[in-house]
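Chains as they are written, first to last, in the numbering used here: chain G, 1 to 310; chain Y, 1 to 356; chain A, 1 to 514.
Take these hints with a grain of salt, some might be off.
[Said to hold, decoys possible] Subject to a maximum C-alpha distance of 20 Å in a straight line, what follows is the list of computed DMTMM-like cross-link-like pairs (lysine to aspartate or glutamate):
(1) Y:Lys179 - G:Asp270
(2) A:Lys372 - A:Glu357
(3) Y:Lys22 - A:Asp409
(4) A:Lys200 - A:Glu357
(5) Y:Lys179 - G:Asp127
(6) A:Lys11 - A:Glu69
(7) A:Lys111 - A:Glu121
(8) A:Lys200 - A:Glu167
(9) Y:Lys55 - Y:Asp324
(10) A:Lys414 - Y:Glu345
(11) Y:Lys22 - Y:Glu348
(12) A:Lys414 - Y:Glu348
(13) A:Lys414 - A:Asp376
(14) A:Lys200 - A:Glu235
(15) A:Lys11 - A:Asp27
For the record, the hints were derived by calculation from the structure and aren't laboratory data.
Each chain is listed here by its residues.
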Amino acid sequence: MDLFTVGFLTSLLLGAVIAGVPLLLAGLGEQLSEKAGVLNIGLEGMMLCGGYLGFYVAWQSQSMGFGLLAGALGGGLTGALMALLCVWWRLNQIVVGIAITLGAEGATALLHYFQFSRTYPRLGNVDSWAIPGLHQIPLVGQVLFNQPLVVYLAVLTVPLFAWIYRSTLAGLYLQAAGDKPAALDAAGINVLRTRTIAVVITGMFAGLGGAFMSQIGAGIFVPFMTQGNGFIGIVLAMLARGKPLWVLAGALLFGCCLSMTTALQVLGIDVPTDVIQMLPFIAVMLVLLLFGRRASLPAALGAPYVRGAR
Amino acid sequence: MNSQSEQTGLSSPAVVLPSWTKVWLMRLAYSVLPLLIALAITGSLLLMMGVNPLKYYAYIVRKGLFTPSGLAATLTRMGPLLLIAASLIVAFRAGLWNLGGDGQFLLGAVTSSALAPALIGWGVPVWLTLLLAMLAAVVVGAIWALLPGLLKAWQNINEIITTMMMSFLGISLANVLVKLVFCDPNTTVPQTRTLPWEDRLPALFGSNISSGLLIGLVAILAVHWMMTRSAFGLQLRVVGANPQAAIHAGIPVFALSAALAGLGGAVEIMGVQGNVRADWNPAYGLVVVPLVFLARFNGFGTIAFVFLFSMLSIGSESAARRMDIPNHFTLVTVAVLMLVLGLTECVEQRQRQKKG
Amino acid sequence: MSDIAPVLSVKQITKRFPGIVANDQVDFALWPGEVHVLLGENGAGKSTLVSMLAGLLQPDEGSITLAGEQQSIHSPQRALDLGIGTVFQHSMMVPSLSVVDNFVLGERWWKRPPRARFAQEIARVSKEIGVQVNPYATAGSLSLGEQQQAEIVRTLLRGSRVLILDEATAMLTPQNASELGQLMRRLVAQGLAVVFITHKLNEALDWGDRISVLRLGRKVGEITPDSLRALSREEATRRVVQLMFNLDAAQSREAEHRERSSSCQHDASPVLEIHALEVNDALMPVSRIELRIRPGEIIGVAGIDGNGQKQLAEAIAGQRPLSSGRIWLDGTSIESDSIGERRRRGLRYVTDNRLGEGTVGTFPVATNLLLKQIGDPPFWRNGIEQTAAIAEWSRVRIREYDIRVPQTDTPIGKLSGGNIQKAVLARELGGTPRAVIFSKPTYGLDLQNIRSTRRRIRETAESGSAVMLISTDLEEILELADRIAVMSQGQIVGVVENDPRARSRVGELMSGVH
Chain G
1 MDLFTVGFLT SLLLGAVIAG VPLLLAGLGE QLSEKAGVLN IGLEGMMLCG
51 GYLGFYVAWQ SQSMGFGLLA GALGGGLTGA LMALLCVWWR LNQIVVGIAI
101 TLGAEGATAL LHYFQFSRTY PRLGNVDSWA IPGLHQIPLV GQVLFNQPLV
151 VYLAVLTVPL FAWIYRSTLA GLYLQAAGDK PAALDAAGIN VLRTRTIAVV
201 ITGMFAGLGG AFMSQIGAGI FVPFMTQGNG FIGIVLAMLA RGKPLWVLAG
251 ALLFGCCLSM TTALQVLGID VPTDVIQMLP FIAVMLVLLL FGRRASLPAA
301 LGAPYVRGAR
Chain Y
1 MNSQSEQTGL SSPAVVLPSW TKVWLMRLAY SVLPLLIALA ITGSLLLMMG
51 VNPLKYYAYI VRKGLFTPSG LAATLTRMGP LLLIAASLIV AFRAGLWNLG
101 GDGQFLLGAV TSSALAPALI GWGVPVWLTL LLAMLAAVVV GAIWALLPGL
151 LKAWQNINEI ITTMMMSFLG ISLANVLVKL VFCDPNTTVP QTRTLPWEDR
201 LPALFGSNIS SGLLIGLVAI LAVHWMMTRS AFGLQLRVVG ANPQAAIHAG
251 IPVFALSAAL AGLGGAVEIM GVQGNVRADW NPAYGLVVVP LVFLARFNGF
301 GTIAFVFLFS MLSIGSESAA RRMDIPNHFT LVTVAVLMLV LGLTECVEQR
351 QRQKKG
Chain A
1 MSDIAPVLSV KQITKRFPGI VANDQVDFAL WPGEVHVLLG ENGAGKSTLV
51 SMLAGLLQPD EGSITLAGEQ QSIHSPQRAL DLGIGTVFQH SMMVPSLSVV
101 DNFVLGERWW KRPPRARFAQ EIARVSKEIG VQVNPYATAG SLSLGEQQQA
151 EIVRTLLRGS RVLILDEATA MLTPQNASEL GQLMRRLVAQ GLAVVFITHK
201 LNEALDWGDR ISVLRLGRKV GEITPDSLRA LSREEATRRV VQLMFNLDAA
251 QSREAEHRER SSSCQHDASP VLEIHALEVN DALMPVSRIE LRIRPGEIIG
301 VAGIDGNGQK QLAEAIAGQR PLSSGRIWLD GTSIESDSIG ERRRRGLRYV
351 TDNRLGEGTV GTFPVATNLL LKQIGDPPFW RNGIEQTAAI AEWSRVRIRE
401 YDIRVPQTDT PIGKLSGGNI QKAVLARELG GTPRAVIFSK PTYGLDLQNI
451 RSTRRRIRET AESGSAVMLI STDLEEILEL ADRIAVMSQG QIVGVVENDP
501 RARSRVGELM SGVH
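Please work from the sequences and hints to get the whole structure.
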């Protein structure tokens, strides 16, 4: 049985991209938050907000672009809410995150019901941007280089973030805010503002990921459609040790697993989705068990910052 | 030791007892006020959607509480919810985040739904079947928490990730078991073999309320009692108050917490569902977290909030059919409640700090 | 006489916290080219004063004048802008960033981090002041001494004219501390003004030009550079010790103090015996401890904070392992016993860390009173709490110790410091203790509670227990102790009887004059 048939690989890669992009966006966003010292458990909720808002705007305006922007906005607003509650009012980050997730699940499901449950509109096909030349590479060309613009942008964010973290002052601020906020404060930079910006941007990324899922991935918004992608994003971020590239790798891994079932069906092999879905989690647990990493999390993660607190 | 007051010339008594009712009122205010504020906020959301909030809530309360079938359904649903609440209280009090409740719940459900019909088929009496199935669910749940517990104890690996991942793993595993291993060959839809009505958890006193409620109540009260009255519970709380020490609490606490969640799954199956359908996941694990926080981990408060939530759920499911408002609204209510509670706690603390 | 204007002057500065006046109308001036030492015991107010200069706290009264202009230092950034740089005893650098990355943290965020330029500057300044700072080393990999050097370079790069070293030598090895001292001298030679806060007398005399002594929030004396140069080392030591420990005023009270009654049973065999005790510790290893405490005797352990007292107490209590030595309680050796076993045998430890280690803030007083006896009868039978027994017990103890609680189940963290201390005492002094270690028992308490706590300590001794009283308050030790052991650098440098000469002898021992 030849695993490397065109049909199988194409299907696998395509599925991996579709499934992986939201994970990548969510994971990058969460990594940003965590670097700055905020544990964002509300990621799933932010994805749903973005998913719904993006779908709604795309449907109203018939423009994918506006939809995606709206999705980012929706996620960003939710992020702003989280920033207000956790960074400024210093409520427990985990409790607020769970509340935001539950609230967003309920709210988006409700909104969807009131707006679309009778009509269930579907969005049209998405325009792809074929990269000249590259998209003609056999096998991978069509999959990797003939995708909507947002896919390229998402992947390009990886080196962008890596560069920001390593080579810009903003990146240094973030790291200080998460590692030793008192030092950042002593240097005269507003710690709370830094963390707020990080959380809002996280929300925007998560919202964009959700919008991708509803507009491009499925073409339709279904309540609870994120199916734990937000939580997977949290896991990816925690394991990626501060390096965006590893978030990409993790997102690809999970994306492949999530699309494996459909791909295998091309070969006529029928392995239940659930079995395949277990694989990445088993892999992660094994890694944790064998290498016992303390996922190198910033020292001040989860703790609100108060000046002068000893 | 001589009496202090004689030596220092102080005449006031050492312990000052204020008005008992004043204290009680304050506590009530701090618990009920968030509820009222949350209802006000969600009420205005309803208004924005063109629904009369008073009518909605009245309908829910009527359906969830004031009809015999509704009340029975509310009380029955409480059973598994209380077990999950007990599971969370045990973990949170000891300072550990067990966010893997869904996986533990489902695995417990699948285990019991696989075992019970088999045992019945072999002629085991009903009461023993139920007992053994519950026991199996408890053990399976506990096993599922071993890995996160070990990783936390050995390497201090954040249990938020590990329990969440074990949960995903557990949900998938449960589905695999339902679809492939324990599948009922006689049905078209993939599900486990259905436990016949007469072999399920008995109803209470000829009503429609499952005795799962009793199990849940016993669990919550037992956990509450253990936490507040036993030496072991006190030691757990000491550990919970000191995050550094929580590393050592680890494994027994995780096991107990997960065992309770697994039992919740068993009670749900053997009391209500009768079988496990493929891809079934009521996802109680996450939604009970706010309730437990609202009750400040107190057993009686938890029962009250779980009852409230149960009633809202049942009522809103009915409202979904009749009034065209999906039951997702309960989620929003719970979320708003949780946020408002967090804020009130914050305000409380700031006030206390000012008094110094 | 210097006619140069001071670069910084502080007038009538007052800072209050609930229940305590941390700084009481302090006047203080800083001249360029001088190392101005702020000496004083814990609680004297040094750190508070300096926090106000560094922009972390605001004074309640008084003024701060810089280069002739009155200034309000409302934030750390403002302090930096005004040219005041501070180095603390704990590093303020982000451990995961490199040194140069730490330095660029103050720049505007849209700029590229000017690493190369900063690295050059770091190299230049380092050379000027004679230290070696590797700009690209990760801050977390440097030793504390190196991190402090880097922080000093940073303040210089920012153009600081005033450098504050707040207990900077507290965590350093003697060699590193000496390097820091020499660096200070080089810095003032280049015109900087340095405020050096320490409680170590020898450092003050080694590196200081001018010495101001703070005591209980007030400035009690200043030794000008001319005076300091004129005095011999011994004379200077004696002057400073006099100021720090209030010897002058106290001379006249010597006569009254002879009234102290002792409950020491001189002929009985010792209750607590410590022989050749050694404790390994990264900061302050303890060695060669020999002590014998008889029933009814109070041994005061005096010494400047941080000289091994805490390590000694924890080792005796069982919270820290010994590296060698023996401990006997009533003739039985206990050095291999667990904390619980030592407790059961009658050894008690009243820790100075009341809210952290001593109690659980969210639990009520009753629970805290039994914190070390969870599960023991009669309060627990078969693991089940006996509410009535516990309530009765706590009622009795609360009454006996006059613990003020608004309600019986108020979390103990909400009580005042004095009441928390009373609860800790109530717990540790219950059940006929044989030997009790008190660690800074009256620290942070108001006058009334101080008096009642001291009475408790006396009563404990009167009931036949052996008492070890560790305290940085010399008055307290002189009031209560039969004998006084002085700890310095992890060893007992002398034991004196509490007679009229004790005060000066202890002062000498503490300041290193043997």
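Structure-based check of each hint:
no.	hint	in the structure
1	Y:Lys179 - G:Asp270	13 Å, holds
2	A:Lys372 - A:Glu357	11 Å, holds
3	Y:Lys22 - A:Asp409	15 Å, holds
4	A:Lys200 - A:Glu357	27 Å, violated
5	Y:Lys179 - G:Asp127	38 Å, violated
6	A:Lys11 - A:Glu69	13 Å, holds
7	A:Lys111 - A:Glu121	18 Å, holds
8	A:Lys200 - A:Glu167	9 Å, holds
9	Y:Lys55 - Y:Asp324	13 Å, holds
10	A:Lys414 - Y:Glu345	16 Å, holds
11	Y:Lys22 - Y:Glu348	16 Å, holds
12	A:Lys414 - Y:Glu348	13 Å, holds
13	A:Lys414 - A:Asp376	27 Å, violated
14	A:Lys200 - A:Glu235	17 Å, holds
15	A:Lys11 - A:Asp27	5 Å, holds
The structure does not agree with the numbered hints 4, 5 and 13 stated previously, though it agrees with the rest.
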